[in-house]
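Trainee: All chains, please: the whole structure from these sequences, using the hints.
One line per chain: the protein sequences are A and B, in this order. Just so you know, our numbering puts 133 at position 133 of the first sequence, and the rest follows in order with no gaps. Just so you know, our numbering puts 610 at position 165 of the second sequence, and the rest follows in order with no gaps.
Warning: the hint list may mix true and false statements.
Dumping the calculated DSSO-like pairs for lysine-lysine here, alpha-carbon to alpha-carbon at most 30 Å [unchecked claim]:
(1) B:Lys-508 with A:Lys-225
(2) A:Lys-44 with B:Lys-821
(3) A:Lys-44 with B:Lys-496
(4) A:Lys-33 with B:Lys-671
(5) A:Lys-441 with B:Lys-779
(6) B:Lys-496 with A:Lys-441
(7) B:Lys-508 with A:Lys-44
(8) B:Lys-556 with A:Lys-57
(9) A:Lys-61 with B:Lys-763
(10) A:Lys-37 with B:Lys-821
(11) B:Lys-508 with A:Lys-228
(12) A:Lys-283 with B:Lys-508
(13) B:Lys-905 with A:Lys-37
(14) A:Lys-320 with B:Lys-779
(15) B:Lys-779 with A:Lys-33
(16) A:Lys-282 with B:Lys-508
(17) B:Lys-779 with A:Lys-57
(18) A:Lys-386 with B:Lys-496
Treat the hints as calculated values from the structure; they're not laboratory data. This structure is a prediction, so every number in the text was calculated from the model and none was measured.
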Amino acid sequence: MRYLPLNENDRAAMLDVIGAESIDDLFQDVPEKARLKTLVDLPKHQSEQAIERHMAKLSAKSVSAGSVPFFCGAGAYKHHIPTTVDHLIQRSEFLTAYTPYQPEISQGTLQALFEFQTQVALLTGMDVANASMYDGSTACAEAVVMAKRVTRKSKAILAPGLHPHYAAATQTLASTLDIQIDERDCRPGRDDHVIDHITDETACVVVQSPNVFGEIIDLAPIAEKAHKHKALLIAVFTEPVALGAIKSPGEQGADIVVGEGQGLGVGLNFGGPHVGLFACTKKLVRQMPGRLCGETVDANGERGFVLTLSTREQHIRREKATSNICTNSGLCCLAFTIHMSLLGDAGLKRLAALNHEAACHLADIIDGIDGAEVMNETFFNEFTVKLNKPAAEVVEALAEKGVLGGVPVSRLTEGNEDLLLVCVTETASEDDIHAFETALKEVLS
Amino acid sequence: MKNEGRSTTPVAANMNRPDTVSGSKGLEQAVKLIFEVGTPRRTGIDLPEPKGRASRLGSHERKGEIGLPGLSEPETMRHYVRLSQKNYAIDLGIYPLGSCTMKHNPRLNEKVARMPGFADVHPLQPISTVQGALELMEQLSHWLMTLCNMPAVALTPKAGAHGELCGMMAIRARLDADGQSQRRRVLVPESAHGTNPATAVQCGFTVDEIPASGDGRVNLDALREKLKESDDVAGIMLTNPNTCGLFERDIVEIADLIHGAGGYFYCDGANFNALVGRVRPGDLGVDAMHINLHKTFSTPHGGGGPGSGPTVLSDALKDFAPLPFVVRDGESLKLVEHEGEGAEASFGRMCAFHGQMGMYTRALTYMMSHGSDGLKQATEDAVLNANYIQASLSDVMTVAFEGTCMHEALFDDRFLKDTGVETLDFAKAMIDEGYHPMTMYFPLVVHGAMLIEPTESESKGELDRFILSLRSLVERAKSGDAESFKQAPVYAPMRRLDETRAARNPILRWTPPTGEAEAAE
Chain A
1 MRYLPLNEND RAAMLDVIGA ESIDDLFQDV PEKARLKTLV DLPKHQSEQA
51 IERHMAKLSA KSVSAGSVPF FCGAGAYKHH IPTTVDHLIQ RSEFLTAYTP
101 YQPEISQGTL QALFEFQTQV ALLTGMDVAN ASMYDGSTAC AEAVVMAKRV
151 TRKSKAILAP GLHPHYAAAT QTLASTLDIQ IDERDCRPGR DDHVIDHITD
201 ETACVVVQSP NVFGEIIDLA PIAEKAHKHK ALLIAVFTEP VALGAIKSPG
251 EQGADIVVGE GQGLGVGLNF GGPHVGLFAC TKKLVRQMPG RLCGETVDAN
301 GERGFVLTLS TREQHIRREK ATSNICTNSG LCCLAFTIHM SLLGDAGLKR
351 LAALNHEAAC HLADIIDGID GAEVMNETFF NEFTVKLNKP AAEVVEALAE
401 KGVLGGVPVS RLTEGNEDLL LVCVTETASE DDIHAFETAL KEVLS
Chain B
446 MKNEGRSTTP VAANMNRPDT VSGSKGLEQA VKLIFEVGTP RRTGIDLPEP
496 KGRASRLGSH ERKGEIGLPG LSEPETMRHY VRLSQKNYAI DLGIYPLGSC
546 TMKHNPRLNE KVARMPGFAD VHPLQPISTV QGALELMEQL SHWLMTLCNM
596 PAVALTPKAG AHGELCGMMA IRARLDADGQ SQRRRVLVPE SAHGTNPATA
646 VQCGFTVDEI PASGDGRVNL DALREKLKES DDVAGIMLTN PNTCGLFERD
696 IVEIADLIHG AGGYFYCDGA NFNALVGRVR PGDLGVDAMH INLHKTFSTP
746 HGGGGPGSGP TVLSDALKDF APLPFVVRDG ESLKLVEHEG EGAEASFGRM
796 CAFHGQMGMY TRALTYMMSH GSDGLKQATE DAVLNANYIQ ASLSDVMTVA
846 FEGTCMHEAL FDDRFLKDTG VETLDFAKAM IDEGYHPMTM YFPLVVHGAM
896 LIEPTESESK GELDRFILSL RSLVERAKSG DAESFKQAPV YAPMRRLDET
946 RAARNPILRW TPPTGEAEAA E
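Mentor: So this is what it looks like as structure tokens:
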């Protein structure tokens with residue numbers, strides 16, 4: 001087997017040193033009845049070539065986003081990833097290193113994390129960010145749990161425009177921790193009315209902007225009302241590129257900002273791995289979940305970086321930890337930070353402008369099609385279309401015509417059958433947009 | 446090359462390594478922060494000029510500078526390559542972190558994960574367009590269930606700790622469904638990994654610690670005592686092999702005791718790599734167990750993630766599995782994404798979308814490469830390598846518990862007694878020998894613990910060199926040379942870092958030097 005360096009001579013010599021007769025001696029603690037006598041019922045080892053062939057066949061059974069006109073978003077976004085990003089994250093020293101617990105020989109990972117944390121703080125307009133969570137949805141759930149710790153109150157309001165998967169992941173975690181979630185009805189709109197539900201009992205209000213329907217929400221008045229009642233505003237985003245065009249949640253008074261970073265540096269990957277971003281104000285930092293990287297000096301006084309404030313974490317605090325999280329999304333946050341380093345302010349803003357412009361263009365076209373109506377007042381690169389037919393049937397019909405034409409809202413939450421979420425990024429060409437227009441006209445007529 | 450007239454013999458070197466003007470030292474390149482290299486006006490990506498169409502952003506447009514520095518492509522490349530050279534990695538040498546399983550990461554896995562039908566597929570595309578991706582998930586499930594002899598697997602958990610959450614939530618859901626909501630006490634051995642108690646609490650359980658016996662395993666008498674009053678017992682969380690690298694000999698009896706008390710058996714599968722192909726958790730009475738694809742099945746650790754923690758479930762728990770999951774519908778596959786689609790008992794959704802596809806592809810590629818025969822051999826070699834290290838060092842270091850170990854060897858710090866050298870110093874001295882240190886100070890049940898997990902990826906030659914290094918370090922420690930240990934490491938890119946200072950006055954992001962900030966205003 002190509003991955004195993006020992007040969008039979010080695011094994012015999014090693015058993016001799018150990019003083020064992022056979023390998024079975026080393027498994028003697030396993031109860032007799034649980035010892036497998038034969039190989040498990042699975043195929044035997046295979047060559048690289050055989051496996052590549054098998055996997056290529058499987059891969060070919062799906063329609064990849066890059067092979068067709070593509071307009072899906074709803075929490076996962078297709079952007080062009082510079083070649084440099086994928087090359088760098090495959091360097092052995094990044095790819096095959098563990099969590100940087102030995103800082104003297106992990107400065108590569110640690111400095112990249114420090115830079116990542118700074119970029120996320122700048123992007124979100126917050127004081128500090130952690131070294132990433134699994135994804136945006138789990139970051140959202142953790143933020144709500146954190147709000148309970150901070151406020152010692154247990155009611156959370158979720159805005160109607162919060163991505164239904166984020167709401168569900170939050171609901172799951174909250175259900176076991178005596179956090180009451182205000183009932184929500186996922187529907188398009190401006191989300192402003194969450195203000196009316198904030199009371200002294202509210203621990204936090206969770207608002208996504210742009211929301212799952214694409215509408216951009218004015219967070220400042222919600223933050224103001226929340227703060228009046230000693231509640232936290234948790235701002236959520238699913239598309240990091242949007243923050244190159246719209247006001248940051250930080251400048252609008254958010255206390256915690258969580259979001260999905262996949263749009264920068266990380267591919268669609270059928271939904272994972274992605275990278276959860278988590279930022280907050282300085283005064284909340286000791287209540288944060290997840291790893292944090294901090295600056296310090298070494299014995300020679302040279303600047304260096306270490307994992308820090310770990311007394312919040314499970315390996316030190318055990319049952320009193322802020323979260324059970326251990327693994328973060330290391331390599332994905334490296335991809336994010338490299339992509340962001342290439343972009344810089346200037347690149348990010350231009351990328352955002354191109355996305356927005358393409359979306360405005362497509363929205364005008366769709367609005368001109370009989371049986372389709374764009375519902376948004378505002379949007380960034382994604383908007384909601386009301387159709388004269390069930391959206392799930394429409395996307396299937398579009399797929400048959402070779403167009404991946406968006407995400408039906410009914411895919412995310414039961415109901416709202418006539419609503420379609422359409423997203424367009426810089427990757428869509430004029431030809432793609434034209435193909436979508438033609439196909440949609442045919443399907444709706 | 447013209448060497449005439451020049452001495453090719455190195456002169457007795459000045460060992461002080463004098464400072465250089467550049468800050469670099471030969472191949473050891475100095476590296477600034479990106480904020481000190483790039484500027485917000487520069488970018489390393491060519492994008493077309495926007496056409497300036499009307500905006501639909503309303504009054505929400507972001508104005509002013511964000512402050513993100515941009516680097517050209519060559520600057521970016523150089524920055525991250527220089528950074529990478531300050532990292533130790535499994536591709537450089539033995540990485541014997543106990544309980545972390547740093548084994549070889551085959552590059553075939555990377556190639557497969559990047560195939561467009563897996564990497565470039567949107568999670569919410571029409572189901573008819575993602576049949577290959579769903580089939581891969583079905584195949585992975587089949588391999589995992591077969592290796593575990595368990596009837597179901599929830600693929601979505603995003604890491605080991607998330608898998609723990611999945612298993613414990615399933616147990617809670619089952620208890621609630623049976624009207625047993627008073628069962629909220631979870632038994633956790635004191636040697637458990639910190640995620641276990643943290644997970645139990647995150648699921649709304651309380652933690653009751655079981656002491657270890659003298660041989661490093663669960664104290665059966667103490668467990669029986671804990672179960673005398675058992676109306677409130679939800680279950681046990683037990684790692685097997687445990688965090689001392691030992692197989693819990695009484696595991697079947699433990700499972701019977703817990704089941705007899707009305708509770709469920711959660712097995713932490715972090716050490717499943719010691720069992721694959723030789724022992725199936727389903728045969729031990731396990732009700733739920735997460736599998737760290739990034740340990741046992743070799744998906745790369747990537748400097749701290751992403752992981753993946755599929756969780757196998759017993760018949761008693763499988764109806765409570767989280768959404769979504771893949772089911773076969775005749776010739777094709779579909780995803781159950783909502784409770785109303787036949788998942789009424791599901792405890793809900795743990796995350797957006799369907800889990801860590803990128804890890805599924807890598808893990809399945811790894812498993813198929815090994816096959817049933819290779820997986821078993823890998824397990825045996827991992828256990829053999831650990832025992833070889835234990836046997837080869839037992840005369841100079843102190844083995845924590847007598848007898849053979851499984852996939853990792855645990856030592857305590859008795860052998861360092863009166864030397865003035867502590868576990869931390871010993872670990873740092875290993876860095877100078879060119880090795881990543883072992884896991885230190887874990888498990889907590891052993892004083893000054895050193896947990897060495899070589900994995901099956903090491904050759905005998907590599908192990909022999911490693912053993913020789915450790916033996917010489919022990920000799921040096923015992924010779925009274927504590928000072929050199931306190932100074933270590935001296936050959937790493939950095940000397941020891943001041944962690945106390947980092948925690949006391951946390952600097953968690955870069956800020957412009959004060960003069961610069963004022964100038965910008």
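Trainee: Each hint: holds or not?
Mentor: Going through the hints against the structure:
1. B:Lys-508 with A:Lys-225: holds, 24 Å
2. A:Lys-44 with B:Lys-821: holds, 10 Å
3. A:Lys-44 with B:Lys-496: Roughly 58 Å separates the two Cα atoms, so the pair is violated.
4. A:Lys-33 with B:Lys-671: Distance of about 27 Å is within 30 Å: holds.
5. A:Lys-441 with B:Lys-779: holds, 28 Å
6. B:Lys-496 with A:Lys-441: Distance of about 26 Å is within 30 Å: holds.
7. B:Lys-508 with A:Lys-44: violated, 60 Å
8. B:Lys-556 with A:Lys-57: Given pair Lys-556 of chain B, Lys-57 of chain A holds - Cα atoms ~14 Å apart, limit 30 Å.
9. A:Lys-61 with B:Lys-763: holds, 29 Å
10. A:Lys-37 with B:Lys-821: Judged against 30 Å, a Cα distance of about 11 Å means the pair holds.
11. B:Lys-508 with A:Lys-228: holds, 27 Å
12. A:Lys-283 with B:Lys-508: holds, 26 Å
13. B:Lys-905 with A:Lys-37: This hinted pair holds, its Cα atoms lying about 27 Å apart.
14. A:Lys-320 with B:Lys-779: The hint is violated at about 40 Å.
15. B:Lys-779 with A:Lys-33: violated, 38 Å
16. A:Lys-282 with B:Lys-508: holds, 23 Å
17. B:Lys-779 with A:Lys-57: holds, 19 Å
18. A:Lys-386 with B:Lys-496: Holds, at roughly 28 Å.
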